[in-house]
Structures are given as structure tokens and as C-alpha cells.
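Enquirer: Given next are the chains, with one letter for each unit.
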Amino acid sequence: MTAVEMPPLRHSVSPLAWLRKNLFSTWYNVLLTILALGLLYALLHPALHWARTEARWGVIAANLTLFMVGQYPRDQLWRVWLSIFLLGALLGLSWGIWKNAARGFALIALGAGLAFALIGLLLNSNVWINWLLAVALLIGFYALGRILPIGRRFLVTLSWLLYFPLVILLIAGSRFIPFLSPVSSNAWGGLLLTLMITIIGNVASLPLGIFLALGRRSKLPIVRYFSIGYIELIRGVPLVTVLFMVSLLVPLFLPLDVRPPDAVIRAIIGFILFEAAYQAENVRGGLQAVPRGQYEAAQALGLSGPLTMAWIILPQALRVVIPAIFNSFISLFKDTSLVAIIGLFDVLRVGRSVLAQSEWLGTHREVFLFAFFIYWGFNMAFTYGSRRMEEAMGVGRR
Amino acid sequence: MSEIDQTQDIIISRDVHKWFDSFHVLKGINLAVKKGEVIVIFGPSGSGKSTFIRCINRLEEHQKGQIIVDGVELTNDIRNIEAIRSEVGMVFQQFNLFPHLTVLQNIMLAPTWVRRVSKDQARETAMQLLKRVGIPEQANKYPGQLSGGQQQRVAIARALAMQPKIMLFDEPTSALDPEMIKEVLDVMIQLAKSGMTMLVVTHEMGFARAVANQMFFFDEGQIVESGTPDEIFKNPKEDRTKLFLSQILSH
Numbered sequence: 001m002t003a004v005e006m007p008p009l010r011h012s013v014s015p016l017a018w019l020r021k022n023l024f025s026t027w028y029n030v031l032l033t034i035l036a037l038g039l040l041y042a043l044l045h046p047a048l049h050w051a052r053t054e055a056r057w058g059v060i061a062a063n064l065t066l067f068m069v070g071q072y073p074r075d076q077l078w079r080v081w082l083s084i085f086l087l088g089a090l091l092g093l094s095w096g097i098w099k100n101a102a103r104g105f106a107l108i109a110l111g112a113g114l115a116f117a118l119i120g121l122l123l124n125s126n127v128w129i130n131w132l133l134a135v136a137l138l139i140g141f142y143a144l145g146r147i148l149p150i151g152r153r154f155l156v157t158l159s160w161l162l163y164f165p166l167v168i169l170l171i172a173g174s175r176f177i178p179f180l181s182p183v184s185s186n187a188w189g190g191l192l193l194t195l196m197i198t199i200i201g202n203v204a205s206l207p208l209g210i211f212l213a214l215g216r217r218s219k220l221p222i223v224r225y226f227s228i229g230y231i232e233l234i235r236g237v238p239l240v241t242v243l244f245m246v247s248l249l250v251p252l253f254l255p256l257d258v259r260p261p262d263a264v265i266r267a268i269i270g271f272i273l274f275e276a277a278y279q280a281e282n283v284r285g286g287l288q289a290v291p292r293g294q295y296e297a298a299q300a301l302g303l304s305g306p307l308t309m310a311w312i313i314l315p316q317a318l319r320v321v322i323p324a325i326f327n328s329f330i331s332l333f334k335d336t337s338l339v340a341i342i343g344l345f346d347v348l349r350v351g352r353s354v355l356a357q358s359e360w361l362g363t364h365r366e367v368f369l370f371a372f373f374i375y376w377g378f379n380m381a382f383t384y385g386s387r388r389m390e391e392a393m394g395v396g397r398r
Numbered sequence: 399m400s401e402i403d404q405t406q407d408i409i410i411s412r413d414v415h416k417w418f419d420s421f422h423v424l425k426g427i428n429l430a431v432k433k434g435e436v437i438v439i440f441g442p443s444g445s446g447k448s449t450f451i452r453c454i455n456r457l458e459e460h461q462k463g464q465i466i467v468d469g470v471e472l473t474n475d476i477r478n479i480e481a482i483r484s485e486v487g488m489v490f491q492q493f494n495l496f497p498h499l500t501v502l503q504n505i506m507l508a509p510t511w512v513r514r515v516s517k518d519q520a521r522e523t524a525m526q527l528l529k530r531v532g533i534p535e536q537a538n539k540y541p542g543q544l545s546g547g548q549q550q551r552v553a554i555a556r557a558l559a560m561q562p563k564i565m566l567f568d569e570p571t572s573a574l575d576p577e578m579i580k581e582v583l584d585v586m587i588q589l590a591k592s593g594m595t596m597l598v599v600t601h602e603m604g605f606a607r608a609v610a611n612q613m614f615f616f617d618e619g620q621i622v623e624s625g626t627p628d629e630i631f632k633n634p635k636e637d638r639t640k641l642f643l644s645q646i647l648s649h
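Order-wise, the sequence lines are chains A and B.
Residue 22 in the numbering used here sits at position 22 of the first sequence, with consecutive numbering throughout.
Remember, the numbering used here sits 398 above the position in the second sequence when you count from 1.
One or more of the hints may lead you astray.
Listed next, the in silico BS3-like pairs over lysine-lysine satisfying Cα-Cα at most 27 Å (straight line) [claimed, not checked]:
hint	chain 1	residue 1	chain 2	residue 2
1	B	Lys635	B	Lys580
2	B	Lys539	A	Lys99
3	B	Lys462	A	Lys219
4	B	Lys432	B	Lys635
5	B	Lys580	B	Lys425
6	B	Lys425	B	Lys640
Some chain A residues flagged as far from chain B (calculated, every beta-carbon gap over 12 Å) [as the list claims (entries may be wrong)]:
hint	residue
7	Leu133
8	Ala297
9	Asn379
Hints were generated in silico from the structure; no laboratory data involved.
Note that the structure is a prediction, hence the values are computed from the model and not measured.
Even glycine gets a Cβ: it sits at the ideal position worked out from N, Cα and C.
Could you build the full structure based on these sequences and the hints that come with them?
Expert: See below:
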């Protein structure tokens, strides 16, 4: 057969053609466009005017470190930087090896790194060197990832698994390592705290959620009823309640001579317990989407129950629920602002404490706008990265 | 009925009954299959023929009677069941390939994890089987990229990779477009001629005529009639068999 290979049709339009087609196609569209522009100008002009003239952005510049890491000891900040460098390197490596699946997140990190470097330059802070270094690491390890043989994928996965405990060790320190003096988690704050809770909470709750979801379908009544009971109990109460319970009641359950864990650790435990119930329901949805024939085919081949789960059912179920998992990730990220209630200093709470400084009284707008853009920016980044990942993994196609 | 002989018969079914809730699906199935025989089971839908062959590798449980496969009686002992399942290959109507794995991975999975064969050896066997079913060039594609006929041939290769003693086929061509039925039947005929013991639920009477040793006509959960293809096609004894054959052969 002599089939002629034809490239798919491309609809590339110039910006001008797009404008003409969508905004100025008829006289009433022209009218609407002009009206809308006028309205936008009327609304935004005062805000922009305020941002350029009246706003005292100095409040952000002066307290940037506080926003980023809270009370983390200033002479120990290198640990935070090291975590960022490692993240840059790992993202670069993943991008080089997995290409499309990791590209979204890597590009976002690249952009964010450059943006932070620029902000540092503008604010005359020497952190821009660090950010450029992180970006350079990302690009360097991307190049390294491109030339590594395929078999190294396993190593990268392993590095990711090791990365999170390593970062916790770096940030928290340990009595047993001389150059990593312990930093009480009560000193963690700002964006550092917000991100630590989000990432640890999500990474740890997913496996727990998978076990709960499997437990809910178990043939053993004890396991099944325990899972159902747990999920429904947690889903039936607000997150704040869980946080209060964990931070106030955990010390009561421990023997008297055992020092209860720090407030931050308790909060993280609360988030993990809470999030696990929701992840369990996400995963359950995925498990139900796997057709019965898949179980039968695996059984007919003599695969045992655990092998069937590990190789046939879970890979398909988890791929289906990637969007839901990232959705939970984003809502957990926003929910971290609730830790202020149990006395922790996340980004938003740091903002409120900054407002109490006498020289920055009355800078509410600047501070909350900054917090707004932090939350929004991160969530846009997560969304973009996860969407690219979904596309690359063929969610909803294969 | 042929005499039941423990030493030669690889599958023995004695008075097998099954109920779905109160619905009596199988009403006392007696049959015996010798090593290397090709058995075709046919009958109207709802007659229990699929349920019966699914009982042989215990995808369904029978509630009364005895099923003995390769000398082992099927009971609730999970180790027995897994041992039997790795000896009995099955091909489904809907293929049931694993969509997240490539063709090669589909075939290699069970040998590497159940039989503990080395990866290299499993890959070699898989490629040989793919050549045997005629699609070695599709090895690195995903099932979703193949036609129905190709998928079913992969499913056959996947089952054969476990080197089973018995192959069960549950309406293997019913979900296929007409032009793809032949490519699957050709593979099955070649397999039958190689001496594999096969139980095939199908309405492909051409296949039955070509390779079947015994045919069983199922209706309402019972074996109504059995015999060689010659006996069944040339002079069916029961009226129900005659009627059914006239219906499926008329067009």
C-alpha cells in the first residue's frame, strides 16, 4: 500500500488575526470590546496607581526572610538552600530522564528560580546568586539526565523517595550529626512551614490512603469496618477539629515521661491523618474504574492477590486518579493556613505578625496581596505541572 | 459418555452444580477430557457454557460435585487454586490485556513473577510466542494500539507463556470484526494441531469441524448432547440440537 504520510493540519493564527476574529468581528463585538476595555481600565487604574505610588512595598523587602522561613536560625539558612539546590538537581534529572512527564514541573521551577533571582536583584539582596545556582543545577542535571541510560530511572525514583526524609533531616537537624544541630520545629515558619506541611502531608498520606482504600474492599470484616469507620469519621469532621484533637489530645495519650512531639510535628500528623481519608476515597474511585476482566485475567495467569494489586490494578487505578490526587494536593496547600489556629507561623500568620511591627503599621494591603500572590502562584504552578504530567502519562487516553 | 479414567483424563467433572443466588446455572455437568483433546462447547446464550469453563480455573466456584484438573481437586485451598491457574491458560471474549503494559510486558509478567523465570529468558520466550502468533513487530506497542484480532493473538501468547497444560477459550472470536476472526482461528487451529488440550466455547462450527475431538451441546445448564463433530453435524439425535444447529448454520 502506498499511503501518503500527511502532517496533521495546524491552526496557527497570528495574534492580530486572533484579535480580529474574536474581538472585532462585528460592529457590536467592537462595541463590547471597547466597553470591556474601558471598564477594566476604570477598575484597575486606581489599584495600579496605588501599587505604583502609595504602596509601601518595603514591608515585603524588609521581611522577606521572615516570610520565607519564619524564625529559622539565620546562621542555619544554608540547610534550606541546600534543600532547594537538591530539589533543582532532582527536577533537572527527572526532566532529562522522563522528558514530558516531568517537563511541566521542571519548567515551572526554572521560571520560579529565575523570577526569584530577579526579585533578589531588584531588592538588592544577594540571594539572587543562590537562585541562579539552583537554576544552573537544574539545567546541568537536565543535561546529565539526557545522557544517562534508560536503566537509571529506578535510581531517580529512589532519589525522590530519599529526598523527602533527607530534607526533613536537613531542616530539623539531629543531635547525632555534629554539623546539623537540631532546630526545634517551633522555629519553622513562613513559606518553609507551609511547604513542609503540604509536601510531607501529601507524600505520607497517599500510601496510607491506598492502604485504607484497599482495606475498604477487603474480605476481612475487621479490616473493612476499621477502614470504613476511619474514613467516615475523619470525613465527618472539619480539619480544624482534627488539628485541635491532635495538638491537644496526643500529649494526653502518651506516657507522662515521654515528651510529646513538637507542635509542628503534631500538626503534620493531623494533616496526614486527615488527608489519608480523602486520598483513600480518591483511590477507591480509581479502583472501581478498573474493569473486572483485569482481575480475572491476572487470576487466570496464576498471579496472587498482592501481585495482582501491585502490577495490574494499582498502576491503572492510580493513573486514573492523578487529577484527583493533585486536586487534594492543592486543597491541602491552602488548608495549611489553618495551622495559625494552633499557634504556628505559616505565611499568612507571619504576615499578621509583620503588620504588628510599629514601622509597618497600616500595610495590610501590601502584605495580604503578597500572601495572595504566593498562594495563587504556587497553585498555578502545581496545576500547570500536574496537567503536563497527566498529558504525558496519557490520563484519560490509554 | 466415555468412561471416566483417572489416569488419562486431565479434566474430570462429576455432577457439577452451580447457582447464582437462586438461579440454577449448572445442573449436573459430567464430562472428562483426555490429554491432547480439543473440546468444543456450544449452545444458546445463558446455557451455562461460559460459567462451566470458568469453573475449571475457579474464576467461578461450583457448589456441588467435583472438578479434578490434572489430578488436583478444586477446593477452596488458595494454593491449590493458584497452582491450577498457572497450569491452565485462559483466553477471554474481551481479551482483557493489561492496557498499561506493552505487548511484551503483558506476556512476560506472569512468567517472571509466578514462575520466577529470568527476565532475559522470559523476553526470549515472549518473542518466540509472538512469532508463533504472527505479530513479533508489535512487541513494544500498547494493547490500545492494536486491532482486536491482534489483541486476541497477544492474549493467546500471554496465556501460552505460562506453558499451560490446558487452554480454555471463552468465546474468543465473539467480540471480533468478521475479517479478524480468521487470523485468531488460524492460531487456535495451529495450537490444536500441536497437541494442546483445549476447551473452546465457540459458535465457529468451521473450527469445530476442523479440529474438535468432542463436541458438547449445552442448554439450560445441562449437556443435552455430545459426540464427535461428524455425529453432531451429520445426525444430531436431540431435537434441541437440531434446532440450534439449524439456527446458527442457516445464514
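Enquirer: Can you list which hints this structure breaks, lowest number first?
Expert: Per hint list: 1, 5, 8 violated.
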